[in-house]
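Trainee: With the sequences and hints as input, model every part of the structure.
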Amino acid sequence: MLLILVLSIAFSATSADSTISKLDKLKAAYLLNFIPFIEWPNTPEDKPLTPLYICLQDSAPFDQFFRTLVNIKSEPKPKRELYVARLSDATHCDLTYFHRSPSGENSLVEGSVVVLSSAQVSQKDATIIFYLDNEKLRFEIVMSNIKRSGITISSELLKIAKITQRIPEA
Amino acid sequence: MSLGKFRLGLWALTALGLIYSGSSFAQSTPSEFAEMSLTDLFAMSINDVEKSAAQHSRWSVALQRSSVEFKGYLDGDDRISDTDVLWAGPASGQPRTDKNFPVVPDKIVQTAYLLSVGYAFNDKWRAYVTVPYLEQATDHISIVPNYNTFKLKTSGVGDTLVSTSYRLADSALSDLWLTVGLSIPTGSIDEEGDTPRAPGDQQLPYTMQLGSGTYDVPIELNYHAKGQHDISLALAATIRSGTNSRGYRLGNNYLLAGRYKFNFSNILKPYISIGVRYSDSIHGADTALLVPGAYPYPAPITNPDLFGGTKIGAQAGIIWRMSDRYRLAAEIGKPIYQNLNGPQTKEDWRSSILLSRPF
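First to last, the protein sequences are chains A and B. Each residue of the first sequence is one higher than the one before, starting from 1 at the first, in this note's numbering. Each residue of the second sequence is one higher than the one before, starting from 1 at the first, in this note's numbering.
Incorrect hints may have been included.
Claimed, not checked - Partial pick of chain A residues on the chain B-facing surface, computed with a CB cut under 7 Å:
no. : residue
1   : K25
2   : I72
3   : M143
What the hints assert, rightly or not - From the derived model, a few chain A residues whose C-beta atoms are all more than 10 Å from chain B:
no. : residue
4   : S103
5   : G111
6   : S117
7   : S122
8   : I146
9   : G150
10  : T152
11  : E156
12  : L158
Since the hints were derived computationally from the structure, they do not count as laboratory data. Think of the CB as a built atom: it goes at the ideal place given N, C-alpha and C, for glycine as much as any other residue.
Mentor: Printed below as a string of structure tokens:
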């Protein structure tokens, strides 16, 4: 009886066999760490608790892992409440992550910080693009799209990023 | 307090230790990633990270030293003194009962050195072989002339455990492993020593033997939550089979244990754990341990009914990530409740140190 109870608890807390690569875990951790260094133009100064909407493409393991990070991130706690949504279900996105080139989802990303999983992903509004350099995960920031979207990125983030003026060729 | 009980603890700890250590520091849990700063992430080599997950070794090795000391007596959960258990002899006028004995162990120390080698066939299947070397020493008091105090020692290879683990489920938040094994009776059950029973060497009691003498089946279910709180739950049992060549079978053991690991640092991980353990008494008897008369048991450890009971134990430990490949873990434990088929020597403390190179 005890065995059945423990098995039930364990299985209810353990979802179907889904794994996420270490590289994707790092990207998820970076994604969460970007937020304190970005200011959105639609952020009302007198309403700092306006929720921030993060939109992800349909990718179950990444989605699940990122939601967990959001729930357990303790320090520094984001100033704004974070909502994570599937891009296909979202009506507004402040930060959007693409792991594959989108189709028909572009209208949602206006004013959003668009982060691409790699340069192999194509999205014209991309503002941050992950890449690998000398076995380390790095990111580049596309200044032209930053200026166009009106967002502000702190100098601390810019210091460790590779700065490009336009989206590089894939 | 039986050796059989101790062995269950060792096997369970070993299997748990191997599985725990394999996932302790791989920086794969959400909590570990959530606590990383931008600076941490920037400094991390993706090659190192990938190695810790996908390109890890197929082999694991663990060397563990576990020690447990038994001192004092319990009958149920009532504490009784050694002198209450020691029969004072016919001249004293004290009646002999089935609760007092002319020979009484007053301290038992058992130490096991375990070498475990594991092989990962893939992400889901692992196999282990664990060989223990046991050292045991028991201090006695008795009313037998020339044996008022004496010590018995045995040492040698114990029962060999072959086991396989299967990952039933895995996600970013948790995983679930099932381990089933076979304990092969490579440990001696014919250890002899000089006891007050007769001149010269005689068969030693159950506690001093090195093996069970039977093929046993350890089984374990281990659930590990990897979210904000690192919690492991284990349900383990050792099921004995048949009867050994000396006419007895050690009791089955059952263990339910939980562990909480604090996420203060990626290098040092303290943890606390609690476990409830139930053991059956011994089935059958080694008749060589008996003496003629109305009271055939010269010492409590020769009576098969005075084994087993329930114990709740608490442990505290720390795991040190010495390098990318090596872990050192140390643990101390103390029972917080014992209800024993007594009179039986109660567990006083236990400790363990584990050096491992996980998968």
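Trainee: Now tell me, hint by hint, if it's right for this structure.
Mentor: For each hint, the structure was consulted:
1. At about 5 Å, the closest approach between the beta carbon of A/K25 and any beta carbon in chain B falls short of 7 Å, and the interface hint on this residue holds.
2. The beta carbon of A/I72 is positioned within 7 Å of a beta carbon in chain B (closest approach about 4 Å), and the interface hint is therefore held.
3. For the restraint placing A/M143 at the interface with chain B, the shortest Cβ-Cβ distance is roughly 19 Å, beyond the 7 Å limit, so the hint is violated.
4. With a closest Cβ-Cβ approach of about 27 Å to chain B, A/S103 is found to remain outside the 10 Å limit, as its non-interface label requires.
5. The claim that A/G111 is not at the interface with chain B holds, since no C-beta of that chain comes within 10 Å of its own (minimum 24 Å).
6. The Cβ of A/S117 lies farther than 10 Å from every Cβ of chain B, with a closest approach of about 14 Å, so its non-interface assignment holds.
7. Every C-beta of chain B lies more than 10 Å from that of A/S122, the closest at about 23 Å, which supports listing it as non-interface.
8. With a closest Cβ-Cβ approach of about 18 Å to chain B, A/I146 is found to remain outside the 10 Å limit, as its non-interface label requires.
9. A cut-off of 10 Å between C-beta atoms confirms that A/G150 is not in contact with chain B; the least separation is 23 Å.
10. The beta carbon of A/T152 is kept farther than 10 Å from every beta carbon of chain B, the shortest such distance being approximately 17 Å.
11. The Cβ of A/E156 sits about 8 Å from the closest Cβ of chain B, inside the 10 Å cut-off, so the non-interface label is violated.
12. Chain B leaves A/L158 outside its interface by the beta-carbon criterion, the shortest separation being 12 Å against a cut-off of 10 Å.
Checked against the numbered hints above, the structure violates hints 3 and 11; every other hint is satisfied.
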